[in-house]
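Assemble the whole structure, with the sequences as input and the hints as a guide.
2 protein chains.
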Amino acid sequence: MDLNTEILPAMPGQRLARGVARALRDMGFVTVEELVPAPGLRVDLMALGPKGQVWVIECKSCRADFQADRKWQNYLPWCDRFFWAVDADFPAELLPPDSGLILADAYGAEVVRMGPETPLAGARRKAVVQGFARHAALRLQALRDPAGAISAWA
Amino acid sequence: MDLNTEILPAMPGQRLARGVARALRDMGFVTVEELVPAPGLRVDLMALGPKGQVWVIECKSCRADFQADRKWQNYLPWCDRFFWAVDADFPAELLPPDSGLILADAYGAEVVRMGPETPLAGARRKAVVQGFARHAALRLQALRDPAGAISAWA
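These protein sequence lines map, in sequence, to chains P and D.
Going by numbering that gives the first Met the number 0, the residue at position 143 of the first sequence is 142; the numbering climbs one at a time, nothing skipped.
Going by numbering that gives the first Met the number 0, the residue at position 67 of the second sequence is 66; the numbering climbs one at a time, nothing skipped.
Keep in mind the hints are simulated off the structure, nothing from the lab.
Source: prediction; values computed, not measured.
Keep in mind that a hint or two might mislead.
[Stated by the list, open to error] Quick list of simulated restraints, FRET-style, between CB atoms: (1) P:Pro118 / D:Asp104: 45 to 51 Å; (2) D:Gly39 / P:Pro118: 30 to 36 Å; (3) D:Lys50 / P:Pro49: 22 to 28 Å; (4) P:Ala141 / D:Asp88: 27 to 33 Å; (5) D:Asp88 / P:Pro145: 25 to 31 Å; (6) P:Pro115 / D:Asp25: 39 to 45 Å; (7) D:Pro38 / P:Leu142: 24 to 30 Å; (8) P:Pro95 / D:Arg41: 42 to 48 Å.
[As the list claims (entries may be wrong)] Covered stretches of chain D, going by a simulated chain P footprint (3 or more residues, C-beta under 8 Å): (9) 26–37; (10) 123–137.
Ideal Cβ placement from N, Cα and C applies to all residues, glycine included.
See the structure below:
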């Protein structure tokens with residue numbers, strides 16, 4: 000495959016998410032995009048690690064994108080670690096210094112700062128991992144059987 | 000979409016799996032195909048229910064397909080309930096009378112017999128649900144970013 004002619008995701012944030020997902024997979028983490036852990040919350044990327052670690056990564060393409068985010072602190076109770084993912088041009092000094100930081104582009108990423116670990120309690124962890132599994136499996140099923148989405152009305 | 004012209008899965012077992020997956024989704028279960036719960040084991044369909052129930056469904060297209068299966072009892076420790084899925088022409092009297100039974104075709108399915116419930120212990124359940132999540136997310140990522148599968152060598 001010629002990587003120079005591949006199709007990139009349309010939105011800058013999605014391109015960052017793709018690079019982060021690739022890098023995390025190389026670290027043994029699987030990821031899903033646009034997961035809703037609770038009504039009204041939608042995280043850019045949720046990752047599940049080889050030991051069951053749950054990470055949330057918010058991808059910010061520019062200063063305005065970051066400054067418009069009023070919800071990020073609400074994501075903290077749904078993960079063991081929280082990260083921002085930004086590209087090399089992002090003014091990183093805007094970001095809270097005590098949260099995780101990933102430097103990314105569409106092709107890969109690097110974890111620059113881990114940030115604190117705040118482990119999920121058992122019941123919450125169980126619910127989050129089940130939610131992750133359901134989200135991933137439903138999207139996969141919609142792709143492998145698109146006609147099935149309307150089977151109930153066919 | 001015209002369901003009469005849609006492409007059916009190539010293998011009879013896969014067509015049954017598709018119908019079962021559709022019916023289970025209508026019951027609130029998400030599914031993945033061809034999951035490997037442990038080395039040397041590969042289940043046709045694993046389902047995760049709204050309350051975290053784990054079901055395994057083996058799809059048998061004909062008598063020979065069933066009689067060639069020497070492994071099905073090894074699947075029992077990996078699920079809360081086990082089911083056979085067969086079509087209306089299958090000689091159902093061949094199947095163990097105390098296991099679950101689903102009548103299926105490529106378009107849907109019906110649970111005919113539930114079979115016994117043997118709940119997974121906590122640690123095993125946690126591992127199975129995490130394995131389900133990883134399997135689904137990895138397959139989904141391979142579909143949404145096929146070039147990423149070779150990113151490490153590009």
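Hint check for arginine 41 of chain D and proline 95 of chain P - Cβ pair distance inside 42 to 48 Å | holds (45 Å)
Verdict for proline 118 of chain P, aspartate 104 of chain D (Cβ pair) under range 45 to 51 Å = With a Cβ separation near 46 Å, proline 118 of chain P and aspartate 104 of chain D satisfy 45 to 51 Å, so the hint holds.
Three-residue Cβ test at 8 Å for the coverage of the region 123–137 of chain D by chain P = Coverage by chain P holds here, the residue count being 9 at a Cβ distance below 8 Å.
Can you let me know if the beta-carbon spacing of aspartate 88 of chain D and proline 145 of chain P is within 25 to 31 Å?
-> Because 28 Å falls inside the window, the suggested range holds.
Beta-carbon spacing of lysine 50 of chain D to proline 49 of chain P - inside the hinted bounds 22 to 28 Å or not = At roughly 26 Å between Cβ atoms, proline 49 of chain P and lysine 50 of chain D fall inside 22 to 28 Å, so the hint holds.
Per the coverage rule (Cβ-Cβ under 8 Å, at least three residues), is the region 26–37 of chain D covered by chain P?
-> holds (count 4)
Given a hinted range of 39 to 45 Å, is it respected by the beta-carbon distance of proline 115 of chain P and aspartate 25 of chain D?
-> holds (42 Å)
Between alanine 141 of chain P and aspartate 88 of chain D, does the C-beta distance stay in 27 to 33 Å?
-> holds (30 Å)
Glycine 39 of chain D and proline 118 of chain P, beta-carbon distance inside 30 to 36 Å?
-> For glycine 39 of chain D and proline 118 of chain P the Cβ distance comes to about 33 Å; the hint holds.
Evaluate the given range 24 to 30 Å for the C-beta pair formed by proline 38 of chain D and leucine 142 of chain P.
-> At 27 Å between Cβs, range holds.
The structure fails none of the hints (numbered hints given earlier).
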